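Protein sequences appear in the order of chains U, E, R, P and L. So in our numbering, spot 25 of the first sequence is number 25, and the numbers just go up one at a time. So in our numbering, spot 302 of the second sequence is number 594, and the numbers just go up one at a time. So in our numbering, spot 19 of the third sequence is number 664, and the numbers just go up one at a time. So in our numbering, spot 109 of the fourth sequence is number 1017, and the numbers just go up one at a time. So in our numbering, spot 99 of the fifth sequence is number 1346, and the numbers just go up one at a time.
Hints were generated in silico from the structure; no laboratory data involved. Some clues are possibly wrong.
As the list claims (entries may be wrong) - Cβ-Cβ distance ranges computed for the label pairs, FRET-style: (1) Asp-924/P <-> Lys-1422/L: 53 to 61 angstroms; (2) Lys-1422/L <-> Arg-716/R: 20 to 28 angstroms; (3) Gly-570/E <-> Lys-88/U: 41 to 49 angstroms; (4) Asn-604/E <-> Leu-947/P: 30 to 38 angstroms; (5) Lys-1372/L <-> Tyr-258/U: 27 to 35 angstroms; (6) Arg-768/R <-> Asp-928/P: 14 to 22 angstroms; (7) Lys-1475/L <-> Asp-924/P: 40 to 48 angstroms; (8) Asn-737/R <-> Tyr-57/U: 21 to 29 angstroms; (9) Arg-1133/P <-> Leu-1430/L: 26 to 34 angstroms; (10) Leu-885/R <-> Glu-927/P: 52 to 60 angstroms; (11) Lys-1355/L <-> Lys-286/U: 33 to 41 angstroms; (12) Leu-1122/P <-> Leu-885/R: 52 to 60 angstroms; (13) Leu-1122/P <-> Gly-852/R: 46 to 54 angstroms.
Stated by the list, open to error - Heads up, incomplete: computed chain R residues facing chain P, CB under 8 angstroms, no partners named: (14) Arg-768; (15) Ala-777; (16) Asp-843.
Fair warning: this is a prediction, and the values are worked out from it, not measured in the lab. From the three backbone atoms N, C-alpha and C, an ideal C-beta is built for every residue, glycine too.
What follows is each chain in one-letter form.
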Amino acid sequence: MIIQEIFDGLTLGMVYALVAVGYSLVFGILRLVNFSHGSVYAFGAHIALVTAVSMGYGIVWGLCASVIVTGLLGIAIDKISLEPLRKKKSKPISALITTIGISYIIQNGLMIVFGSESKWFPKIFDYGMIYIGNVALKSTQLGIFLVSVVLLLFLTFIIYRTKVGLAMRGIEQNTKAAYLMGIDVNKVVSFTFFLGGASAAIAGTLISGYYQIVNPQMGFIVGLKAFSAAVLGGIGILHGSVLGGIVVGISESFGVSYLGGGYRDAMAFLILIVVLIVRPNGLLGKKKVEKV
Amino acid sequence: GEKESDTVKVALVAPLTGDFAEYGTGFDNAVKLLADEWNEKGGVLGKQIEVVSYDDKNSGEEAASIAERIVGDKSISAVVGHFASGVCMAASPTYQEVGIVEISPSASHPDYSSEGDYIFRNNSLINVEAAETLKIASEVFDAKRVAVLSVKTDWGTSTSDILINDLAAEYPNLEIVGHEEIVDGTVDFSPTVTALMENEPDTIIVVGMYNILGPFTLQYKDVDPDINLIGFSNAYSEQLIELAKEDAEGICLPTIFFHSSLDEKVATFVSSYEEAYGSIPNSLTAQAYDSMGLILTAMEKSGSVDRETIKNELYNITYDGISGSTTFDENGDALKTFNWLTIKDGEFVEVER
Amino acid sequence: MKTVENKTLLEVKNLSMNFGGLKAVDDVNFVVKKGEIISIIGPNGAGKTTIFNLLTGIYSDFGGKIIFEGREIQGKTPQEIVMAGIARTFQNIRLFKEMRVIENVLTGTHTNTHYNFLDLIFRTRKFRKIEAEKTQKAIDILDSIGLKDKMSDYSVNLPYGDQRKLEIARAIATNAKIILLDEPAAGMNPQESEYLLDFIKSLVGRGYTILLIEHDMSVVMNISDRIYVIDHGKKIAEGLPTEIANNKQVIEAYLGKEEEDVA
Amino acid sequence: MNKENKIHSIYNKLLDKFEDSKKLRIIIYVATLILVIALPKIGLSSYLIRVMTMIALYSLLGQSLNLITGYTGQVSIGHAGFCAIGGYTSALLNVTFGMNFVLSALCAMIIAGVFGFLLGAPTLRLSGTYLTIATLGFGEIVRMIALNWEGLTGGPLGVANITRPVIFGKELTTFNGGLFYLIMFLLLIVSLAIYAIVRSKMGRAFMAIRDDALAATLMGIEVTRYKVISFVISAMIAGLGGSFYVHMVRFIDPNTFNFDISILIVSIIILGGMGSMRGIFLGAILLISFPEILRFASEYRFIVYGLILVVMIRFKPEGLLGGQIRRKYRMPSGVKGGL
Amino acid sequence: MLKLKNVHTYYDNIHALKGIDLVINRGEIVTLIGSNGAGKTTTLGTITGLLKPKTGKIFYNDKEMTGIIPGEIVKRGISLSPEGREVFPQLSIHDNLRLGAYTRKNKKEIEESYDMVYELFPRLKERKNQVSKTLSGGEQQMLAIARALMAKPEVLLLDEPSLGLSPNLVQMIFKLIKDINNLGTTILLVEQNAKMALRVADRAYVLETGKIIMEGDAKKLLNDENVKKAYLGNL
Ligand SMILES: Nc1ncnc2c1ncn2[C@@H]1O[C@H](COP(=O)(O)OP(=O)(O)OP(=O)(O)O)[C@@H](O)[C@H]1O
Ligand SMILES: Nc1ncnc2c1ncn2[C@@H]1O[C@H](COP(=O)(O)OP(=O)(O)OP(=O)(O)O)[C@@H](O)[C@H]1O
Ligand SMILES: [Mg+2]
Ligand SMILES: [Mg+2]
C-alpha cells in the first residue's frame, strides 16, 4: 500500500514538476512570477486537442503543433505586455499582476472558444499496466517520468552549457549590464518565453493524455501547486522544481490516505510553508551572498 | 400606481461565465426557450414575457449584488436562479426581505428553502435522491460492499453525510466500507483510487457531477474493471459518456428527467432545445425549464404578476412538467419521482425494474 | 582648533575574519581616541571594508575583540551597535531609494526618536513636538552638508556625489559618536573632495570621531591624525601621515613609486 | 512636457492648494461629509448603494494591503486569508453567542491580528518571491481549513443566518443606507490611522525596510519586528473588512474569500499606485465598478477585465497615482527653514 | 569617428543634457570633465543606447546610430565600463568576462583577450571563480574595466575608471589607457580626477549642467585658470 502511494505520488509529482520547470525557467531568467503559466498550460492542452482530435492529425502532430503555437504565445505575452514593463523598469509585482491579467484573458478566451465543460483527450503512451509485485504502474506514468527528465536535462543544458544560457543568467542579475555586453536582451527573453511556453505545451499535452481530460480551468490549481513546487525546490533551480514536484506529489498522496481528500490541496502549501521556515530559499536553494 | 407595462419580466441569474458556465448557460437557454414558447402562444395574461439574464459567476458576492439590483427593479416579477446553494443563500435574504419569489433549479442545501416563504427550489431534496442511489446499489447491483466518493461542496458533503449516516442503515445486506472526499476540479484520482481499493468495495456511489464521475471511472476501471458505479442526477450528461467512453458502460444513476423518455412533453422539449442550441439538455437544465414553467403558471392561475400573489399561488399549484409532476411543500421544496438510468452501448437507457 | 581627548573610544584587538580559505582580516589591532580622525588605507581587497562590516555587526562570527567605550561589541546586533554609537556609510551606496532626501535623514534619527504607538496614532502633542524637532534637526544636517535645496528630491535621482553626502548626513542623524566613512570622496572631483574634507573636519569640531577608508591621498594625508595601513588583511604600518607617505613598504604595496600628486 | 505630466502637475497644484489652505480643507471635508450622508438619501437604487459600499470595503482592504505591500514592501497574495479569518470569527461568534457586530468585529480584528503575527513572525525572514508564495499558501490553507474543519466552520456548508449589524438599536441594511454609513465610518478611521502611521517614525521604518533592509538594520531599525508589526496591523484591518462583509451578506463559506479576492486586492493597489493612499481609493473605484459597468459584455467581461489590467499597467506600471511625487515634502508644523 | 549633434536627453521631465555637440576622432583620447550631476554619465548612457535622446543625432563612422539598441552598438565596436561597476553579481569573474566577449566570435582571439586582462589584473586571475558580488569595491572596478576590454572595442568609454582604486592602480589604469590607445583604441574618458585625465588626454570637453561650456586641447585646459579653479582643486 505504502509503495503504491509512493508511486502515485511520484507520478503526480512529475506532473507538477513538468509544469514547475516552466515557472522556474522564466523566474530564473526574469525574476518574474509568471502567473499566466497555468493558463498557458491549459492553452497548450487545447491546441493539442484541436490538432489531435478535432482535426484528426493524431497526438504526435498535436504535440508538435502545441509546442510551436504555445511557444509563440509565450513570446507574444512577453512582447505585448512584459517588454514594455521592463523598459520602464517597473516593480516585479506590476509584472506579476500583468501576468494574472493575461491568465484571465487566456482562460476566458479558451472558455469562449471551447466552452467551459471538460472534454475527452486521447490517451498517450498507452501500453497498459506494468506490475511490480502488487504495485500497479501505468505505462503513461513511466512515459511522463521519462519526458520530464529529458526536458529537464535539455533545459539545464541550455541554461548552464550554452552561450545564450549564460546571457539568460546575466540578464537576470543585471539587465543594464547585459545590454552593455551587447546581449540582445529582448531576443533572449523572448527565447526564454518560447521555452517556457513550449514546456507548458508539453506538460499540458502529456498530462491531458494521462488523465484523458481537458478543460479551460485545468491550469489554475495545477499551476498554483506547481508554482509551490518550484518554490519548494528553490525557484530558478530547474532540478529543484523536479524535487519540489515530487515532494508535493508524494505528500499529497499520503495526505489523501491519512488526512482525507479534503486536505489534499492544502498539503502542497503546508509543506511549502514548513520547508520555507526551515530553509528560506527552498530545498536546493542557496542563500544569496550579501556583500556590503 | 405604476403604469401598466405590456411585458412581464422574469429574472434569470446563473453563472453565465466562469467555471460553471455550462450549467448557467443551460439555465439561461431553457428559461428563454420556455418564454419563447409561451410568447408564441400569446404570452402570459396577454403580455409578452421578457427574460432578464444576469451573470453571477457562481460567486456569492456577485449574487448578493445582483439580488439588490433585481429587487430594486419593480418591473421584475420573479427570479429563476442561482446555481450553487451557497450562492443562492448569499442572495436569498435579499429576495426574502423585499419579497420576490426565487426558484432555484439546483440548490440542494437543506437550509436553503427555510430562508423564508419566498424561497423555493425545483430540485429534489438530497435525502430523497440519496435514498434512490442506495436503492440502485441494492436492487440493481445487489451490492454488499459499498464505498462512497464525494465532492467537497455543500451538496456533496451533505449528501454523503445523509447517505452514510442516515440512510445506509435501512439496507442491512449492504455495508458502507469506505468514504473518500475530493475537492472540486480534481482530475487526478490515483491516491483516492488507492485508498478506496484498500477496502475492496464492489460498488462505489459517486457524489459528484459528470466531470468527476467521468475521469474517476476511467482511472478506477484501469485498476478494477469490474467495479459497479452509481452517480447522481447531475452527472446525467452526454459529457459523461464522452469523457469515460467505453468505461462508462454500466454506470447507473437516478434522475427525475430523462431526455429519451417516451413522454411526449420531454421529447418535444429535447428536440426543440437541441434545435435551438445544438446540444442535449441535462437534468438541471430541465429543472430550470420547469422552474420558469412554475412561475408562469402561477401568474396565469392567479391572474396577476404581483410578487406576493405569485408566491401564494406557488404553494397551491401542481405543475406537470418535463421533470415530472411538481408540488411544493410548506418549505418551498419540490416533491419529485425518479427514473433510473444506465449507460448501454454508449447511450443512456432506462433501467428495467 | 580641535581637541583630541586622550580617551580611547574604540579598540580593536587581534581582529580576524575568514571567507572560506581567504583571510580577509588577519590579526588586526588598532585604537581610535575620542575626537580623532583615523584613516585606514591599503590596496584593493586588503580587507578594509570587511573591518567596517565587523565593527557594525554585519558579520558576527569573527576572531578577536572589538571594544567600544569599554564594552565589547561581540554578540550585539547591528541595532544595538548603532544605538551604542557607531554609524557608517557604505562603499556601494545604499540609500533608501524611493524615499525623499529628508526622509532618508529622518530615518537616521530612528533610534533617538522616542514616542510610542499611541502617541503616533493620536498625533499627540508630544508626537508633534518630537517630529518637528527631528525634522528641524534633519534640515540642519542637510544644510550643513549642502543638500538642503534638494531635501524634497528622491534620493535615487541624486547625482553620485550627492548620494555620498546624503549617506553621511544619514549616519550623522543617528547621533553616533563615531562615524565610519567608507570611501566618502569616491566619485567627487577635487574641489568637492576639498569641500567634503572641510565638512569632515567640522564634524570633529562638533564632537564626532571619524574612522575613514579612502583611496584619495590628497584627502587622507590632509585630514588624518593617524593612519593605519592594511595589506592582505594584515596591518603593515601605522603612524602619522608624513610617516606613512614615506614608508617604503607602503609605497611599494599601495602608493606606487612615481606618485607626484601627493603633497 | 507631455500630456500625462500636465495632468499630474495640475493634480499636484490642486493638492498643494488643498494642503496650504486650511479653509479650503475644511470646506472640502465638510462637503464630503455631507455628500456621504446624503448619498443613500437622494433616492439612489439600493444596487448603487451596494456598489458604493463594496467600493468602500475594498478601499479598506486595499489600505490594509498597501501598508505591508506598498509601504513595507512585502508582497502578499493571500490577503483574503485574513479576511476569511475575520469573517469566520465574526460569523461564528454572532451565530453561536449572538454577538453584535461591534464586539464580533473587535474579536475578528484580534484573531486576525494573532494570525498575522503567527504567519508574519516565522515567514518574514523570507525574501521577495518566497514570502509572496508563502502568503499564497497561507490563503489557501485558511480556505482548506474552513472547508475541512466541519465541526467549527460548517465545512462547505458555511455559516448562514448571520445577523446584520445593529447600532443604537437600529438594524443597518443596504436599504436604509446604514451599511454604507458604517463602512464609510470604518474606512475613515482606518485611513486616518494608516496616515498617522505612515507619517511617523514607524512609517519611515517601513519604507526604509522596503528600500533596503540591510541599510535599515544599520540605522537601528529592528527589521523583523517592524515587518511583523505591519503584518499584524494589516491583518487586523483585513479581519475587520471580513467581519463587516459577513455581517452584510449574512453568509460565509470557504469560497467567500478565495484567491480571486486576494488578487483583486493586490490589483487595486497596483492599479491605484503602491504606497499612495489616494491611489488606493481610485484603484478600488475602478476595479469594483468595472465589472459592474461591463456586465453588458457578459462572457467577454473577463477578457475585457484582463485587458484593462494589462493595458493600465503597461502604460502606468507604477499605478495611476503611484511612483515619485513631484511635490515638495510636507513639513510638520512648527519647522523653520523648510523650503 | 563618433559624433554627437545637439543631443538632448531627459529623465522623465528632468532635462539632463541640453544640446551636446561632441566629436571624437579615430585614435584620440578625449576626456569629459565636470562636477557632480553635470551630465557626464548621461552622455555616455546616451551614446551606448541605454538612454534615448529626445532630439539630436549620433553618428558613428558617419552612419547614424540614434535609437539603435545597445546590443547593436556594442557589436559595432563601442563598449563601456559603466559608473557603479554593474557587474553580474552572482556570476563568477570568469563568467563576467565571458559575457564581456559576448559579441565576439573568434575563439582564439577571445582566449588572447583573457590572457591580456588576467595579466593586467592578476587579482582577477587569482579569484577567477569567486562570485563577483563578494569582491571588494576596487576588485569589482577592475572587473568592470577588464570586462569592457574583453569586447575588444574600437571605441572604449570609461566612466570614472579610477573610482575606488588604490593610488598605484590608478597610475596603472592611466598607463593602461595610454597603452591601449597606442594600440589603436579610441577612448572617451570621464573622470573626477581631472588632473590625471587631462594629462593623458589629447582633447577635453568641460560639461556644466548639461551643456558643454569649454572644449579644446587637453594640455591647454590643464593650465587654464578657470578650469584649475573649478575642477583641479588646490590641494
Ligand atoms: N563574502 C565574501 N566571500 C568571499 N570573499 C570575500 C567576501 N567579502 C570579501 N571578500 C574578499 O575579502 C577581501 C577583502 O575585501 P574588502 O571588501 O574588505 O576589501 P577592501 O579593503 O575594502 O577593498 P577596496 O579598497 O577595493 O574596497 C577581498 O579580496 C574580497 O574579495
Ligand atoms: N535616474 C534618474 N532620474 C532622474 N534624474 C536623474 C537620473 N539620473 C541622473 N539624473 C539627473 O541628471 C543629471 C545628470 O546626471 P549624471 O549622472 O549624468 O551626472 P554626472 O556628470 O555623471 O555626475 P557624477 O559625477 O556625480 O557621476 C543630474 O542632475 C541628475 O540629478
Ligand atoms: Mg572596500
Ligand atoms: Mg556619473
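Problem - Outcome for the supplied range 27 to 35 angstroms, where the beta carbon pair is Lys-1372/L and Tyr-258/U - result: violated, 57 angstroms
Problem - Status of the given 41 to 49 angstroms range, CB of Lys-88/U versus CB of Gly-570/E - result: holds, 47 angstroms
Exercise for the section: Note whether the CB distance of Asp-924/P and Lys-1422/L lies within 53 to 61 angstroms or breaks it. Expected result: holds, 55 angstroms
Problem - 52 to 60 angstroms as the expected CB spacing between Glu-927/P and Leu-885/R, which holds or is violated - result: holds, 56 angstroms
Handout entry: Closest C-beta approach of Arg-768/R to chain P relative to 8 angstroms, hint status
Key = For Arg-768/R, the interface hint holds, since the closest Cβ of chain P sits about 6 angstroms away, which is under 8 angstroms.
Practice task
State, for the Cβ atoms of Arg-1133/P and Leu-1430/L, whether the hinted interval 26 to 34 angstroms holds or is violated.
Solution key: violated, 58 angstroms
Practice task
State, for the Cβ atoms of Leu-1122/P and Gly-852/R, whether the hinted interval 46 to 54 angstroms holds or is violated.
Solution key: violated, 28 angstroms
Problem - Range hint 33 to 41 angstroms (beta carbons of Lys-1355/L and Lys-286/U) holds or violated - result: Holds, at about 35 angstroms.
Exercise for the section: Look at the Cβ atoms of Lys-1475/L and Asp-924/P and judge whether their distance stays inside 40 to 48 angstroms. Expected result: holds, 44 angstroms
Problem - Range agreement (Cβ of Tyr-57/U with Cβ of Asn-737/R, hint 21 to 29 angstroms) - result: violated, 57 angstroms
Handout entry: Arg-768/R versus Asp-928/P beta-carbon gap, inside 14 to 22 angstroms or not
Key = Holds, at about 19 angstroms.
Handout entry: CB-CB spacing for Leu-885/R and Leu-1122/P relative to the 52 to 60 angstroms hint
Key = Hint violated: Cβ distance 35 angstroms, outside 52 to 60 angstroms.
The structure fails hints 2, 5, 8, 9, 12, 13 and 16 (numbered hints given earlier, in ascending order).
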